[in-house]
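Colleague: Heads up: the protein sequence lines correspond to chains A, B and C, in order.
Quick note on numbering: this note's numbering labels position 304 of the first sequence as 304, and the sequence is numbered without any gaps.
Quick note on numbering: this note's numbering labels position 174 of the second sequence as 481, and the sequence is numbered without any gaps.
Quick note on numbering: this note's numbering labels position 160 of the third sequence as 853, and the sequence is numbered without any gaps.
Source of the hints: derived by calculation from the structure; they are not laboratory data.
The beta-carbon is built from N, C-alpha and C at its ideal position, and this holds for glycine as well.
Please note: incorrect hints may appear among the correct ones.
To be verified - Pulled a few chain A residues facing chain C out of the computed Cβ check, cut under 7 Å:
| # | residue |
| --- | --- |
| 1 | S107 |
| 2 | D277 |
| 3 | L285 |
| 4 | F289 |
| 5 | I290 |
Claimed, not checked - FRET-style restraints, in silico, Cβ to Cβ:
| # | chain 1 | residue 1 | chain 2 | residue 2 | range |
| --- | --- | --- | --- | --- | --- |
| 6 | B | P445 | C | R864 | 19 to 29 Å |
| 7 | A | S13 | B | E606 | 49 to 59 Å |
| 8 | B | H598 | A | I17 | 29 to 39 Å |
| 9 | A | K101 | B | G687 | 51 to 61 Å |
Below are the chains, spelled out letter by letter.
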Amino acid sequence: MGNSYAIESQEMSTSIILQLILSGVTIGSIYAMVALGFNIIYNSTSIINFAQGEFVMLGGMFMVSLVGPLNLPMWVAFPIAVLAVTLIGMAFERLCIHPLKMPSVLSLIIITIAGSILLKGGAMFAWGKETFSLPHFSTEKPILLLEATILPQTVWILGIIGMVVLLLALFFRFTIVGKAMRACAANRPAASLVGINVKRIVLLSFALSAAIGAIAGIIITPISLMDYERGAILGLKGFGAAVLGGLGNPMGAVVAGFLIGIVESLCAGLISSHYKDAVGLVVLLMVLFIKPSGLFGSAQVSKLKKF
Amino acid sequence: MSKLNSKWMGLFCLSMLLLMLISGCAKEKKTYKVGAIFAITGSASWLGEPEKKTAEMIKEEINAAGGINGHLLDLIIEDTVGDETKTVNAVNKLIEKDKVLAIIGPSRSGTTMAIVPIVEKAEVPLVSCAAAEAIVSPVAERHWVFKTPQKDTDAVIRIYEHMQDKEIAKIAIITGTTGFGDQGRKQLKKYAEKMEITIVADETYGPGDTDMTPQLIKIKGTNAQAIVNWSIVPAQSIVPKNMRQLGMTIPLYQSHGFGNIKYAAAAGEAGEGIIFPAGRLLVADVLPEDHPQKTVLTEYKKAYEEKYREPVSTFGGHAYDALKLVIVALQQAGPDRAKIRDELENIKGFVGTGGIFNFSPEDHSGLTKEAFEMLTVKEGNFTLTE
Amino acid sequence: MLGLVALPMVMRNPYYLGIMVFMGIYSLISIGLSLLMGYAGQISLGHAAFFAIGAYTSGILTTKAHLSPLPAFLAAIVLTACIAFLIGIPTLRLKGHYLAMATLGFGQIVYVALNASVDFTGGPSGFGEIPRIALGNFVVESQLSRYCLVWALVIIVLLFSLNLIHSRVGRALRSIHSSELAANAMGVNTSKYKIQVFVLSAIYASIAGSLYAHFVTFISPGSFDLEFSILLVTMVVVGGMANVWGALLGTVLLTLLPEFLRGFKDYDILIYGSTLLLIMIFMPEGLFGLVKKLRTVHGKT
Chain A
1 MGNSYAIESQ EMSTSIILQL ILSGVTIGSI YAMVALGFNI IYNSTSIINF
51 AQGEFVMLGG MFMVSLVGPL NLPMWVAFPI AVLAVTLIGM AFERLCIHPL
101 KMPSVLSLII ITIAGSILLK GGAMFAWGKE TFSLPHFSTE KPILLLEATI
151 LPQTVWILGI IGMVVLLLAL FFRFTIVGKA MRACAANRPA ASLVGINVKR
201 IVLLSFALSA AIGAIAGIII TPISLMDYER GAILGLKGFG AAVLGGLGNP
251 MGAVVAGFLI GIVESLCAGL ISSHYKDAVG LVVLLMVLFI KPSGLFGSAQ
301 VSKLKKF
Chain B
308 MSKLNSKWMG LFCLSMLLLM LISGCAKEKK TYKVGAIFAI TGSASWLGEP
358 EKKTAEMIKE EINAAGGING HLLDLIIEDT VGDETKTVNA VNKLIEKDKV
408 LAIIGPSRSG TTMAIVPIVE KAEVPLVSCA AAEAIVSPVA ERHWVFKTPQ
458 KDTDAVIRIY EHMQDKEIAK IAIITGTTGF GDQGRKQLKK YAEKMEITIV
508 ADETYGPGDT DMTPQLIKIK GTNAQAIVNW SIVPAQSIVP KNMRQLGMTI
558 PLYQSHGFGN IKYAAAAGEA GEGIIFPAGR LLVADVLPED HPQKTVLTEY
608 KKAYEEKYRE PVSTFGGHAY DALKLVIVAL QQAGPDRAKI RDELENIKGF
658 VGTGGIFNFS PEDHSGLTKE AFEMLTVKEG NFTLTE
Chain C
694 MLGLVALPMV MRNPYYLGIM VFMGIYSLIS IGLSLLMGYA GQISLGHAAF
744 FAIGAYTSGI LTTKAHLSPL PAFLAAIVLT ACIAFLIGIP TLRLKGHYLA
794 MATLGFGQIV YVALNASVDF TGGPSGFGEI PRIALGNFVV ESQLSRYCLV
844 WALVIIVLLF SLNLIHSRVG RALRSIHSSE LAANAMGVNT SKYKIQVFVL
894 SAIYASIAGS LYAHFVTFIS PGSFDLEFSI LLVTMVVVGG MANVWGALLG
944 TVLLTLLPEF LRGFKDYDIL IYGSTLLLIM IFMPEGLFGL VKKLRTVHGK
994 T
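Here chain A stands alone, though its shape is the one from the complex:
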């Protein structure tokens, strides 16, 4: 009897760990999407856009309005919501970043924070202070995976992230614009010398990262709900993932996002949820102390950016 109980509890614990890792992947995928957005802007401008989380929030909110009151089908609403946030991202760049001459990194941080306050305030007036939810893309019935369960929505999220990463890689590798953006990232003055319109690239990078933020917001809202205040915390987690992965490395950001999600989930499930949010950060600090440019960042790049 005692023996069989031991076997059962062992089986239980492997399935528990599998389930926790799946939860971590769900949470981590959200961080990864936000971190991707940080990276695109950082790469072409070396700006950390503290309003990135607001793009995520706006994506979710637009989708809520389009699907709810306007009653559009999901597949129609999705591109419209992304387009709307992309336009907001471009307006954000034109209003906040474009007018600056020779800004310091610190003033850029404050400007993006001011911008995020405005976006948040705007969202408060547009959607009010309630929390919204969206229907899942397909059924809500969990899928049984080995001995753990996963929501179909999580599968959607993972699939969409995979697509976004793939498309980004292709875009940066094979299109002229993508190559120009990479050139800007590598060496701005040189890029400008060979005739790349750096200002336009900056605008483009804001458009692109707003779009990615919006996609993130749309796909996570069915799971995580959305309200106008949510942007800041999502931005914070995404920033952590971007730094952990090494700024300027989109793949690193995705890996780091999943890593933080899984660490948090394991901590909450196996040790204690009270310190869950600290554990991810402790790991981040430890990594930075050993490797000051993040897991996959290049030391040279990190030295160049100073205040």
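Once you've looked at the hints, dock chains B and C against the given chain A.
Modeller: Chains B and C in isolation, oriented as in the chain A frame:
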């Protein structure tokens, strides 16, 4: 002739107008200034918003009906942003600059605790809309402070009694890391032993969390027969969704912080069957006609929902009770802070949205556990448990 | 300076004095941050943590260990200095956004710890009944006495900092800001100076925290979150971080602005954001940069 006439006519009209104005002024009594502080923006705005709307609505109603003993009510509403420093500044402004007679709010326990010393020293009556019991106890040090939400301990006792009926002895608790969640966690632990209930898991989640499956997986690994999810933040709706995902079928209890139909809507189908204690506002329609609260509840609900086109929540009800109590005290006491306080302390049998209030020098909370009804979610609506 | 002394004589209303008290508390922190950011060129998005450590140490020692405020205050300073030193050594090796993230992470860890260690800190509900500061029989309770105490400390801290800037240390710090590599080559022990100024700014924040705890008499983690750290950095940058006076100016503006905006109700958030944005777009050097420019223009005419 006509020229002269019209000149005189004009003068006559003007003097008449002046006379009316003067007499009007003489008739017009001084307004009664009452302060209101709510978390209208910031991370607790879903709490402050219905409170603000309710208070504004009552003010309009009372002034349209001629005010308090003929004095118009001047309600000065300030935003705390849910932040203690800003609340301290707001209260100082209301007391020192606006010279209000009494203050209602704030929305949160933490911000209330930060201003208790200020109103005690300035001797201004405060009727808080926050739940924590420390707000009104020890009552000897809370001479000027009252509160309208039902007590946490009463909510805990009602939940535990319900569990005893269902022969549930081992439970898991999962609480939000806000003042409300933390107070609930402390009371749940404190009363567990007395009520012969064992807490086998004690987990928390942040107000910004997006997924509580890790905590629930841990709970799933225990022998808990039920879960208490005690929180006031919107994220609480994620817990039932996650439980469903994990195939957990044990009963889910929530706190009176679940008292907003939007939370049930956010939980969707997963929210069906949640059991929680709440005031009767949420089930006003199904109360028997002869229930003493029936009229108050249905009238408030109707007025609010017609005016703002959104469902009432118990949070707005707390502001309703707070302002109505102050108005009752003002009617009796007139513009005198000390007398208003004395009146508040002596209010008996006041029918509010939260229950029937009976204040006394020993009790500045005024409600008993009978103020709660055990509710459940059925087909997306709140209804009484059988 | 004279205006400061004269102010309470014309402005007796405790509401305004109360705002001035908070302004003084924030000034203590922003002066330290401007030393760190403007002079040593390092950023910290985690100074709310040092403010918290000061407040909680003072609060816990006076309420639970029944120490009187002064020794608790000193203990808070020592504890903060130790923590800042230990955190500073590995953290200040980081550069740019990595430093920003590391300090932010430290701040968040402290915030989580304040929430989680319920037995010690009271958890998210916080704790109250913190005694007021008493000097002999005189209890610092009225807004006027608080005002005097906090601004006296601001003046002391300000004088000390100005002195520091014009000393050898100040020159070394500025050399770090313009080029750390060059400073190192010149034989300046840059990491030592960086850590020293980091610890000093943490101590200023701790002093402010202790005052906050004894003035408000109730503390909870909500007052020490990331938003507050960001507010502090914003004060320094908006004021003009190249100068201690700029930091003071920024603090004055960002403490008064929300009070002015009270009448705008919900719209305050939009006005606040726009004001920040406009200042940063049109005054990249901050408010103090504008003051300086005006002064030179005025000098010419």
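Colleague: Next step is simple, just say for each hint if it's right about the structure.
Modeller: Here's how the hints hold up against the structure:
Nearest Cβ of chain C to the Cβ of A/S107: about 5 Å, under the 7 Å cut. The hint holds. At its closest, the beta carbon of A/D277 sits 5 Å from a beta carbon of chain C; the interface hint therefore holds under the 7 Å criterion. Checking A/L285 against chain C by beta carbon gives a least distance of about 5 Å; that is within 7 Å, so the hint holds. Checking A/F289 against chain C by beta carbon gives a least distance of about 4 Å; that is within 7 Å, so the hint holds.
Proximity of A/I290 to chain C is violated relative to the hint, the smallest CB-CB distance being about 9 Å (cut-off 7 Å). Judged by the Cβ atoms, the range 19 to 29 Å given for B/P445 and C/R864 is violated: they are separated by roughly 57 Å. At about 56 Å, the beta-carbon gap between A/S13 and B/E606 stays in the expected band of 49 to 59 Å. Separated by about 52 Å at the C-beta atoms, B/H598 and A/I17 break the suggested range of 29 to 39 Å.
For A/K101 paired with B/G687, a C-beta distance near 56 Å keeps the hint of 51 to 61 Å intact.
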